[in-house]
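Could you build all of it, start to finish, from the sequences and the hints given here?
Residues per chain, in single letters:
Number of protein chains: 2
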Amino acid sequence: MSTSNTSALNDFLQQCQQRVDERLGTALDAEIASTQLLEAMRYACLGGGKRIRPVLAYGSALAVGGELAAADNAAAAIELIHSYSLVHDDLPAMDDDDLRRGKPTVHKAFDEATAILVGDALQSLAFQIISTDRDTLCANNRLAMVQLLSQKAGATGMVGGQSLDFEAVGEKLNIQQLEQMHSLKTGALIRCAVLLGGMSCESASDSQMTALAAYADNIGLAFQVQDDILDVIGDTSQLGKPQGSDSDKNKPTYVSLLGLDEAKALANSLSDKAIAALQEFPGSADPLRELAAFVVSRFH
Amino acid sequence: MSTSNTSALNDFLQQCQQRVDERLGTALDAEIASTQLLEAMRYACLGGGKRIRPVLAYGSALAVGGELAAADNAAAAIELIHSYSLVHDDLPAMDDDDLRRGKPTVHKAFDEATAILVGDALQSLAFQIISTDRDTLCANNRLAMVQLLSQKAGATGMVGGQSLDFEAVGEKLNIQQLEQMHSLKTGALIRCAVLLGGMSCESASDSQMTALAAYADNIGLAFQVQDDILDVIGDTSQLGKPQGSDSDKNKPTYVSLLGLDEAKALANSLSDKAIAALQEFPGSADPLRELAAFVVSRFH
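Top line first, the protein sequences correspond to chains A and B.
Numbers 17 to 316, taken from this note's numbering, label the letters of the first sequence in order.
Numbers 17 to 316, taken from this note's numbering, label the letters of the second sequence in order.
Keep in mind the hints are simulated off the structure, nothing from the lab.
Each hint should be verified, as a subset may be incorrect.
Each pair may be met inside one copy or between any two copies, as identical chains are not told apart.
Stated by the list, open to error - DSSO-like mimics (lysine-lysine), calculated; alpha carbons at most 30 Å apart, straight line:
{"#": "1", "residue 1": "119", "residue 2": "289"}
{"#": "2", "residue 1": "289", "residue 2": "66"}
{"#": "3", "residue 1": "124", "residue 2": "280"}
{"#": "4", "residue 1": "280", "residue 2": "188"}
{"#": "5", "residue 1": "201", "residue 2": "188"}
{"#": "6", "residue 1": "124", "residue 2": "201"}
{"#": "7", "residue 1": "188", "residue 2": "119"}
{"#": "8", "residue 1": "124", "residue 2": "289"}
{"#": "9", "residue 1": "289", "residue 2": "201"}
{"#": "10", "residue 1": "66", "residue 2": "119"}
{"#": "11", "residue 1": "188", "residue 2": "124"}
{"#": "12", "residue 1": "201", "residue 2": "280"}
{"#": "13", "residue 1": "66", "residue 2": "124"}
{"#": "14", "residue 1": "119", "residue 2": "280"}
{"#": "15", "residue 1": "289", "residue 2": "188"}
{"#": "16", "residue 1": "66", "residue 2": "280"}
{"#": "17", "residue 1": "66", "residue 2": "201"}
Bear in mind the structure is a predicted one, so any value in this text is a computation, not a measurement.
If you want it as structure tokens, here you go:
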């Protein structure tokens with residue numbers, strides 16, 4: 017990526033992060049009677065995080081000719097689902113992590129009961145936000161977005177993948193089984209973010225949505241392969257969590273199955289395929305193209 | 017209540033329980049790749065439970081002149097939210113209960129990680145079902161139902177009330193604070209069930225919905241007062257959980273604040289008010305009327 021591309025991408029990332037933080041901040045300043053719950057929800061969601069999923073949603077909205085504002089609710093909803101999953105993943109009964117984004121995890125900063133409730137409340141809030149009225153989008157589109165988010169967040173998506181991941185500890189998975197697990201655990205929400213961004217724009221055509229879906233499939237898997245690579249080569253200060261924490265738990269990874277070099281080659285190839293899927297889009301899809309390169313070059 | 021009314025109510029309860037069990041069974045037989053997750057979700061939701069919230073939704077649909085089938089998705093969605101909240105409530109970090117409906121709780125029958133994921137997946141499934149296409153209901157109504165369910169399930173509803181409940185352990189609440197907590201923790205979902213049943217029927221008028229809302233407010237509170245009464249006078253085999261388990265934890269209850277007799281009088285008065293709110297409805301609201309009496313006469 018050239019320096020000017022990097023700079024344009026950085027501007028875009030920052031703009032998207034500000035937008036989604038503002039939307040989340042508004043949503044988390046509402047009539048929540050329990051002050052402890054509100055504080056912990058804000059702790060879990062605000063001030064940190066790469067916001068990759070919101071950025072993808074915004075990028076898709078631009079790609080199909082929409083404006084950034086069109087994707088505000090989709091971006092916030094998908095980030096809320098992601099945030100809730102992190103809070104629950106970190107619990108002692110799950111991954112038992114003390115650090116997240118360099119800060120104590122929610123159950124460490126508050127307590128376990130609060131962390132459970134925070135995750136539950138963030139999930140509800142995601143569905144509240146994505147179903148909220150916005151004059152420019154018809155009820156049918158918004159309803160389709162609720163349906164997609166619920167499918168990709170739950171047992172047929174992210175949570176299903178997390179359960180497969182638990183079932184796999186200590187098991188020998190082959191590459192197809194590993195792909196199925198990741199396709200649900202991480203890929204489902206990444207794909208969902210890309211699609212929701214497009215669906216946020218009434219004007220998106222069927223062929224545009226088909227191209228976005230192909231982009232989404234490849235970027236979703238690339239993201240997870242890169243996560244596995246970072247788990248091996250990253251260090252704790254960059255990752256915000258102890259390096260090697262997945263491989264320590266005897267979980268199968270792309271690196272353990274393919275070796276580091278082949279895993280890197282796979283990530284790059286998936287990124288290239290994602291970019292190729294966008295060939296019929298004009299320059300409006302440049303942020304998505306740059307994001308595909310960014311995903312496999314990121315350090316954390 | 018006369019014997020014939022009791023018999024009619026029993027028939028209605030059974031019919032509603034069968035309908036919602038069938039809808040839940042279909043939803044929990046879908047493309048869920050993790051067999052352990054699917055099994056645990058079915059364990060948490062099927063085969064047991066009074067299905068009071070679904071029954072209220074069905075009763076409301078009938079009251080406004082709709083058919084039972086109209087409320088199938090609303091009934092299933094609200095029961096999924098209720099079921100997920102029980103699974104998470106029972107966790108060691110929350111109420112730490114080993115028994116639920118006379119069976120081992122989900123984290124006892126499976127494990128804690130599974131119980132956390134089951135709750136998360138059931139919540140997503142609720143939003144999936146309530147947003148699902150049904151030819152007879154317009155997208156605007158379904159979207160309004162998603163909005164209501166998300167508000168009443170999350171931090172501004174049930175989860176917010178649970179958090180207030182935790183904050184209240186060992187504290188001296190007055191009756192207003194206790195009402196606020198219960199109004200969110202238990203009342204929000206009960207009210208939501210009544211309203212969703214009405215909203216499931218395109219034909220429901222504004223005045224019908226206003227009457228249902230008044231019914232819902234009173235029945236919601238009556239339900240919680242009766243829960244507190246049962247916690248004192250019930251026994252373990254009837255409740256399916258150890259008697260006195262709430263008062264043991266030094267949580268304030270209506271009985272501890274008002275005494276047993278006054279709590280019983282309050283429950284009956286609320287039930288009467290709920291029935292009075294239905295005065296403009298014809299005989300189609302008889303199931304709701306009988307349910308109002310049933311709620312304060314139930315033994316578990």
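Right, here's what the structure says about each hint:
{"no.": "1", "hint": "119 to 289", "verdict": "neither (35 Å within a copy, 51 Å between copies)"}
{"no.": "2", "hint": "289 to 66", "verdict": "within (23 Å within a copy, 52 Å between copies)"}
{"no.": "3", "hint": "124 to 280", "verdict": "neither (34 Å within a copy, 42 Å between copies)"}
{"no.": "4", "hint": "280 to 188", "verdict": "within (21 Å within a copy, 59 Å between copies)"}
{"no.": "5", "hint": "201 to 188", "verdict": "within (18 Å within a copy, 44 Å between copies)"}
{"no.": "6", "hint": "124 to 201", "verdict": "both (24 Å within a copy, 25 Å between copies)"}
{"no.": "7", "hint": "188 to 119", "verdict": "neither (33 Å within a copy, 34 Å between copies)"}
{"no.": "8", "hint": "124 to 289", "verdict": "neither (41 Å within a copy, 46 Å between copies)"}
{"no.": "9", "hint": "289 to 201", "verdict": "within (21 Å within a copy, 49 Å between copies)"}
{"no.": "10", "hint": "66 to 119", "verdict": "within (14 Å within a copy, 43 Å between copies)"}
{"no.": "11", "hint": "188 to 124", "verdict": "between (33 Å within a copy, 27 Å between copies)"}
{"no.": "12", "hint": "201 to 280", "verdict": "within (20 Å within a copy, 49 Å between copies)"}
{"no.": "13", "hint": "66 to 124", "verdict": "within (22 Å within a copy, 37 Å between copies)"}
{"no.": "14", "hint": "119 to 280", "verdict": "within (29 Å within a copy, 49 Å between copies)"}
{"no.": "15", "hint": "289 to 188", "verdict": "within (28 Å within a copy, 62 Å between copies)"}
{"no.": "16", "hint": "66 to 280", "verdict": "within (21 Å within a copy, 54 Å between copies)"}
{"no.": "17", "hint": "66 to 201", "verdict": "within (18 Å within a copy, 34 Å between copies)"}
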